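2 protein chains.
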Amino acid sequence: MTRAFLTFLLMVAVATPVTAAERSAPITLVIHGGAGTITRAEMTPELEAEYRAALELSLRTGYERLKDGRSAVDAVEASIRVLENSPLFNAGKGAVFTHEGTNELDAAIMDGRTMMAGAVAGITIIRNPISAARAVLEKSPHVILIGRGAEVFATAQGLDIVDPSYFWTEKRWKQLQKALVDEKREGAIGRLPDPPDPKYGTVGAVALDRQGNLAAGTSTGGTTNKRFGRVGDAPIVGAGTYASNDSCAVSATGHGEFFIRYTVARDIAARMEFGGATVAEAADQVVMKKLVEAGGTGGVIALDRKGRFAMPFNTSGMYRGSIGPDGIPHVKIYADER
Amino acid sequence: MTRAFLTFLLMVAVATPVTAAERSAPITLVIHGGAGTITRAEMTPELEAEYRAALELSLRTGYERLKDGRSAVDAVEASIRVLENSPLFNAGKGAVFTHEGTNELDAAIMDGRTMMAGAVAGITIIRNPISAARAVLEKSPHVILIGRGAEVFATAQGLDIVDPSYFWTEKRWKQLQKALVDEKREGAIGRLPDPPDPKYGTVGAVALDRQGNLAAGTSTGGTTNKRFGRVGDAPIVGAGTYASNDSCAVSATGHGEFFIRYTVARDIAARMEFGGATVAEAADQVVMKKLVEAGGTGGVIALDRKGRFAMPFNTSGMYRGSIGPDGIPHVKIYADER
Chain L
1 MTRAFLTFLL MVAVATPVTA AERSAPITLV IHGGAGTITR AEMTPELEAE YRAALELSLR
61 TGYERLKDGR SAVDAVEASI RVLENSPLFN AGKGAVFTHE GTNELDAAIM DGRTMMAGAV
121 AGITIIRNPI SAARAVLEKS PHVILIGRGA EVFATAQGLD IVDPSYFWTE KRWKQLQKAL
181 VDEKREGAIG RLPDPPDPKY GTVGAVALDR QGNLAAGTST GGTTNKRFGR VGDAPIVGAG
241 TYASNDSCAV SATGHGEFFI RYTVARDIAA RMEFGGATVA EAADQVVMKK LVEAGGTGGV
301 IALDRKGRFA MPFNTSGMYR GSIGPDGIPH VKIYADER
Chain X
1001 MTRAFLTFLL MVAVATPVTA AERSAPITLV IHGGAGTITR AEMTPELEAE YRAALELSLR
1061 TGYERLKDGR SAVDAVEASI RVLENSPLFN AGKGAVFTHE GTNELDAAIM DGRTMMAGAV
1121 AGITIIRNPI SAARAVLEKS PHVILIGRGA EVFATAQGLD IVDPSYFWTE KRWKQLQKAL
1181 VDEKREGAIG RLPDPPDPKY GTVGAVALDR QGNLAAGTST GGTTNKRFGR VGDAPIVGAG
1241 TYASNDSCAV SATGHGEFFI RYTVARDIAA RMEFGGATVA EAADQVVMKK LVEAGGTGGV
1301 IALDRKGRFA MPFNTSGMYR GSIGPDGIPH VKIYADER
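Respectively, the protein sequence lines represent chains L and X.
Residues in the first sequence are numbered consecutively from 1, following the numbering used here.
Residues in the second sequence are numbered consecutively from 1001, following the numbering used here.
Each hint should be verified, as a subset may be incorrect.
Partial chain L-side listing against chain X, Cβ under 7 Å, derived [said to hold, decoys possible]:
| id | residue |
| --- | --- |
| 1 | Arg-40 |
| 2 | Ala-41 |
| 3 | Met-43 |
| 4 | Leu-47 |
| 5 | Arg-113 |
| 6 | Met-115 |
| 7 | Ile-125 |
| 8 | Ile-146 |
| 9 | Gly-147 |
| 10 | Phe-153 |
| 11 | Phe-228 |
| 12 | Arg-230 |
| 13 | Ile-260 |
When the alpha-carbon atoms are kept at most 27 Å apart in a straight line, the in silico DSS-like pairs for lysine-lysine are as follows [unchecked claim]:
| id | chain 1 | residue 1 | chain 2 | residue 2 |
| --- | --- | --- | --- | --- |
| 14 | X | Lys-1290 | L | Lys-306 |
| 15 | X | Lys-1139 | L | Lys-139 |
| 16 | L | Lys-290 | L | Lys-306 |
| 17 | L | Lys-178 | X | Lys-1139 |
| 18 | X | Lys-1290 | L | Lys-139 |
| 19 | X | Lys-1178 | L | Lys-139 |
Just so you know, these hints were derived from the structure itself, not from any lab.
Everything numeric in this text was worked out from a predicted model, so none of it was measured.
Ideal placement from N, C-alpha and C gives every residue a C-beta, glycine not left out.
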């Protein structure tokens, strides 16, 4: 055999699995609605049922997109919009309040096929921040837009604009009032102490579409009583959100500062890309070892191109769910649910 | 020999080089003043001398800190302040104008020893954004502060505040006017087309101190005619700025959107950490191959814990320089300077 023919055979051998995967990948959607101190003792049956119903609706909504042959980016956006529209999660409608009593929202979305990404931070009038992030991805040469500029852009793109009062919910308002009282008592004004009872309500989704492409998205209201224009990890590519067909799609929830410093989403992907780890190994190494040692609480969802996924978290619970080619949604909340 | 003793020997063998390095690492500082279309044809001898003098002053200023046994973070901040105070570079005093005719500055700094980081974006009244980033690192529980909130924080920290007119320079104002005219002619209003003559004046520094610790910092005015609150890669940990004693310190300059999407700084570090690449190999793989294939122009400076460094760029020039244990500054501009 000639050398050229050998090279040809090698190319076929390398190319074939990818082509096969692209024809009919095992469509998969994995979501989270935030990690934190979530225990059965603090939960009522009614509230738990509401959470499970919202997560299931999010899974079914994104799955419909994948089943119809639409892109992973489509599925991620659709699935996150459901969670943003629910008052249960700290994103969109249910966003927490800043120190000044406003709601400042962040979101990001990334397409693993093109490595294109879009993110918005500190926005106050866009009903669905994840859709604003997608508009940045598709309609802007930029990746990150912040504050008023992001709002001007989103408005020009025809996104659904709301009065800031849309984001007012009694539960979150009371959380801010409590945080303000606690802060005064602790004499920690101007700082944001680690919450004794952390609940990171950030929402996120990762998806694998029929064409074998990955996408990831994350949306959040940040931290109750946040100030100084603080931005967390959710809108930061490589921290709270990352997708690459070379490795995996990741969305994170947790103490954002740790996730930024440790480039959590990119770290998981890099361990697969350069270190040969599986998605489960990579996610575990970062969330259950590296972050635990550093004191960073939270969790991630991570999904590879074969539909294998991991949902590790180092808190007592994480609202989460998955749906695969069989279309059956699986929703979990506590750590002991396997 | 007992197993415990063998373990002990192994620990000594592993620990010794690190301890030795920590006692007297080969202090090194590497800086950049931006990559882009920088050719001898466009340069006057006077202007070139000004650039070389500013870069040399920056190197000597940071080196003094390292020689005195101060931290890599100290050296990075001091070195970048010199470049920020010069009107020659697109950072601090010489920042470019946004579409609206304002100057919005971004900066980040990261400590490779503690993995702590601080970043500011969209600030308009802080003379030295790199010092604001350092204040976030040291005095705030957050990593990223944006806009007015970041300014309130920096003011409370006693940083040097200036009237926004401090950042007005004739050269940058003319660049904006030209960009506005070009944009109208090209009918590309609302987009930011790839500049036909890109010059990314971002400045940055990476340092290795006597204790063997790494740090990285980056500061920028962004892109001429930028709008919608666009934020580039400079203030993004893992994109334009990254430092970890586990791998290397990186500061980037270039078409920021590509550097964010490809998590350039973290990618270089990950290839060393998980893939066994040297700092030169890792930086080359990302800047001269991955970014070139994607169409992302720019360059990086990268430095490891042994004082080995790389300064690859895929443009015709990059303002850059290095200074090692011998205290002799080396300044370069064009691609053919080795």
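Verification of the supplied hints:
1. With a least beta-carbon distance of about 31 Å to chain X, the hint placing L:Arg-40 at the interface is violated under the 7 Å criterion.
2. Residue-level restraint check for L:Ala-41 is violated (minimum Cβ-Cβ distance to chain X is 29 Å; threshold 7 Å).
3. Taking 7 Å as the C-beta cut-off, the interface hint given for L:Met-43 is violated, the closest approach to chain X being about 29 Å.
4. Taking 7 Å as the C-beta cut-off, the interface hint given for L:Leu-47 is violated, the closest approach to chain X being about 30 Å.
5. Restraint check, L:Arg-113 versus chain X: the minimum CB separation of about 12 Å is more than 7 Å; hint violated.
6. Interface hint at L:Met-115: satisfied, since its Cβ lies 5 Å from the closest Cβ of chain X, which is below the 7 Å cut-off.
7. Restraint check, L:Ile-125 versus chain X: the minimum CB separation of about 14 Å is more than 7 Å; hint violated.
8. The restraint placing L:Ile-146 at the interface with chain X holds, with a minimum CB-CB distance near 4 Å, inside the 7 Å limit.
9. Here the hint on L:Gly-147 is kept, as its CB sits about 5 Å from the closest CB of chain X, short of 7 Å.
10. Nearest Cβ of chain X to the Cβ of L:Phe-153: about 4 Å, under the 7 Å cut. The hint holds.
11. For L:Phe-228, the interface hint holds, since its Cβ comes within 7 Å of a Cβ in chain X; the closest pair sits about 4 Å apart.
12. A hinted interface residue such as L:Arg-230 counts as satisfied when its beta carbon comes closer than 7 Å to some beta carbon of chain X; here the least separation is about 5 Å, so the hint holds.
13. Hint status for L:Ile-260: holds, given a least beta-carbon distance of 5 Å to chain X, under 7 Å.
14. At roughly 24 Å between alpha-carbon atoms, X:Lys-1290 and L:Lys-306 fall within 27 Å of each other, so this suggested pair holds.
15. For the given pair, X:Lys-1139 sits about 38 Å from L:Lys-139 by alpha-carbon distance, which is inconsistent with the 27 Å threshold.
16. The hinted pair formed by L:Lys-290 and L:Lys-306 meets the criterion: a straight-line CA distance of about 25 Å does not exceed 27 Å.
17. Our distance criterion of 27 Å between C-alpha atoms is met by L:Lys-178 and X:Lys-1139, whose separation comes to about 24 Å.
18. Between the alpha carbons of X:Lys-1290 and L:Lys-139 the distance comes to roughly 24 Å, so the proposed pair stays at or under 27 Å and holds.
19. Taken as a hint, the X:Lys-1178 and L:Lys-139 pair is honoured in the structure, with Cα atoms around 24 Å apart against an allowance of 27 Å.
Checked against the numbered hints above, the structure breaks hints 1, 2, 3, 4, 5, 7 and 15 and satisfies the rest.
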